[in-house]
Amino acid sequence: MVLDHQEASHELDDSVRVKVREALLKRHHHQNEKKKNLIPIVRSITEGTRKQSEPHLTATSPQPPPATEQAKNGAGQDGTQVDLSKVDLHFMKKIPEGAEASNVLVGELDFLERPIVAFVRLSPAVLLTGLTEVPIPTRFLFILLGPDGKAQQYHEIGRSMATIMTDEIFHDVAYKAKDRSDLLAGIDEFLDQVTVLPPGEWDPSIRIEPPKSVPSQEKRKQPGVPNGTACQVEEELHAEHHGPELQRTGRLFGGLILDIKRKAPFYLSDFKDGLSLQCVASFLFLYCACMSPVITFGGLLGEATEGRISAIESLFGASMTGVAYSLFAGQPLTILGSTGPVLVFEKILFKFCKDYDLSYLSLRTCIGLWTALLCLVLVATDASSLVCYITRFTEEAFAALICLIFIYEALEKLFHLGEIYPFNTHSDLDKLTLAYCRCAEPDNPSNKTLELWSERNITASAVSWANLSVKECISLQGHFVGTACGHHGPYTPDVLFWSTILFFSTFFMSAFFKQFKTSRYFPTKVRSMISDFAVFLTIVIMVLLDYAIGVPSQKLKVPSKFQ
1 MVLDHQEASH ELDDSVRVKV REALLKRHHH QNEKKKNLIP IVRSITEGTR KQSEPHLTAT
61 SPQPPPATEQ AKNGAGQDGT QVDLSKVDLH FMKKIPEGAE ASNVLVGELD FLERPIVAFV
121 RLSPAVLLTG LTEVPIPTRF LFILLGPDGK AQQYHEIGRS MATIMTDEIF HDVAYKAKDR
181 SDLLAGIDEF LDQVTVLPPG EWDPSIRIEP PKSVPSQEKR KQPGVPNGTA CQVEEELHAE
241 HHGPELQRTG RLFGGLILDI KRKAPFYLSD FKDGLSLQCV ASFLFLYCAC MSPVITFGGL
301 LGEATEGRIS AIESLFGASM TGVAYSLFAG QPLTILGSTG PVLVFEKILF KFCKDYDLSY
361 LSLRTCIGLW TALLCLVLVA TDASSLVCYI TRFTEEAFAA LICLIFIYEA LEKLFHLGEI
421 YPFNTHSDLD KLTLAYCRCA EPDNPSNKTL ELWSERNITA SAVSWANLSV KECISLQGHF
481 VGTACGHHGP YTPDVLFWST ILFFSTFFMS AFFKQFKTSR YFPTKVRSMI SDFAVFLTIV
541 IMVLLDYAIG VPSQKLKVPS KFQ
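FYI, UniProt numbering numbers position 410 of the sequence shown as 410, with every residue one higher than the one before it.
Please keep in mind that the hints were generated in silico from the structure rather than gathered at the bench.
Remember, predicted model here, so these are calculated numbers, not experimental data.
It is possible that part of the hints are untrue.
Simulated DEER-style distance windows between Cβ atoms [unchecked claim]: (1) 342 with 252: 27 to 35 angstroms; (2) 191 with 90: 32 to 40 angstroms; (3) 150 with 10: 19 to 27 angstroms; (4) 258 with 545: 33 to 41 angstroms; (5) 366 with 252: 21 to 29 angstroms; (6) 367 with 14: 37 to 45 angstroms.
Only pairs whose alpha carbons sit at most 25 angstroms apart, straight line, appear in this in silico BS3-like list of lysine-lysine [stated by the list, open to error]: (7) 272 with 93; (8) 351 with 272; (9) 178 with 413.
Backbone N, C-alpha and C fix where the C-beta goes; we use that ideal spot for every residue, glycine too.
I would like the entire structure built from these sequences, with the hints used as guidance.
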């Protein structure tokens, strides 16, 4: 991760990355270990830091004068097992239970042009065998590798980081920091409180006596003013914890007017900024992500509403609302078109209309108009300010519902294919040459079948049943007979199994491409591009594969005419 981050910020090229990786994986040496006639490369200062809930107790490793370590061209030793004979058990007993380590690794490399610095927080803490002097889990890693000739400077930076990690306030910052700016703010606060001793005013060999009682650090936790003295800040109203977008204006359409004023300066740049390669990947992904469910759910709506609202209406509606919404709205994460909950609602509404002899499309139009009117009222009264009271639980519950519906629909479709394209579970390979399947006149036709024949003026005896195709046999409600037949028609195992292969291959390939960014293959730009276009690439590859194999798998039924 450290190397990927450095490479992404153009700090490393591929050749240097390999050498730095080798250096990082070499066996390090503690400062209290002596080696003669070797050039220093990596030094480690280790210390135990408490967990967030533990009392403030820190154990630091002994810090004698720096010891030399491994030669630049020396091979790294592979020591991964915990050797208890090398563990300082006396030191181990002093470390409180639940303590975690912070490892500071510094060194110089002759092929580097600029320093590489990384501060890593592991979650959860990991026991890195052979790294710390005592076997306790590591929570933090500070890595500094720089050009040759400044070993003493790197050593002092490492000592400074080890010192700052013993600070109670910086502990809280390090454990809770969300990004780089939080860490830098914590370092700035630490430096504001540090007392500096001039080098000519004291003797480093004389030990400074610790205070009899450690002063409280509570004042540092309070918000400060420029001169360093703490001040009490009045508690803000909980509605002020967010930006001005969710504050009530008290005026009719006041929030909408302010939204337009805030958005207007950036309106054109939003379109200009979209002209980049990464955005093209998003366009293609969203095209597939929006188009597929719109047509799929459109087909399901057509079945549920007996053709009142089908794929073409869903496509037209999603296109119109999508364009209008993208041009005028500020929320890019809204799902456009039909979803699982909408499909369920439409089914219930259609059944309701059928039971009470109501016009479905008229009622659906009234619901749409009422929804638009209610949305207008909500905008006029700044009702969106109430969003700040909605917890993450509500959002996660709806997200989980939609995820479950989509996963269920996908799997249900796959199982449904097993009914449409059945396969013979009792097939005898030796008798495949004798297998046959043909249409035959039903022995005891039902009243429904007889009515169908009379409507179409069909005489059963006049029909050449054995020469009918599968669709013709089903439309005339004939029976399939033969060893290669199921209830719904001839056995066609290749379609079901090929669809299953496509189903899981698409999922696993898209997941693989998405994680390709962190792999070791190809340069960074190529990996990033593959990762960005993961879903679109997968769909294209699988469609071409399906076309090349030629198995008659089910395709997405897109209307050929706009009507």
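(request) Determine which of the earlier numbered hints do not hold for this structure and return their numbers in increasing order. (result) Numbers 4, 6, 7, 8 and 9 - these are the hints that the structure violates, sorted from lowest upward.
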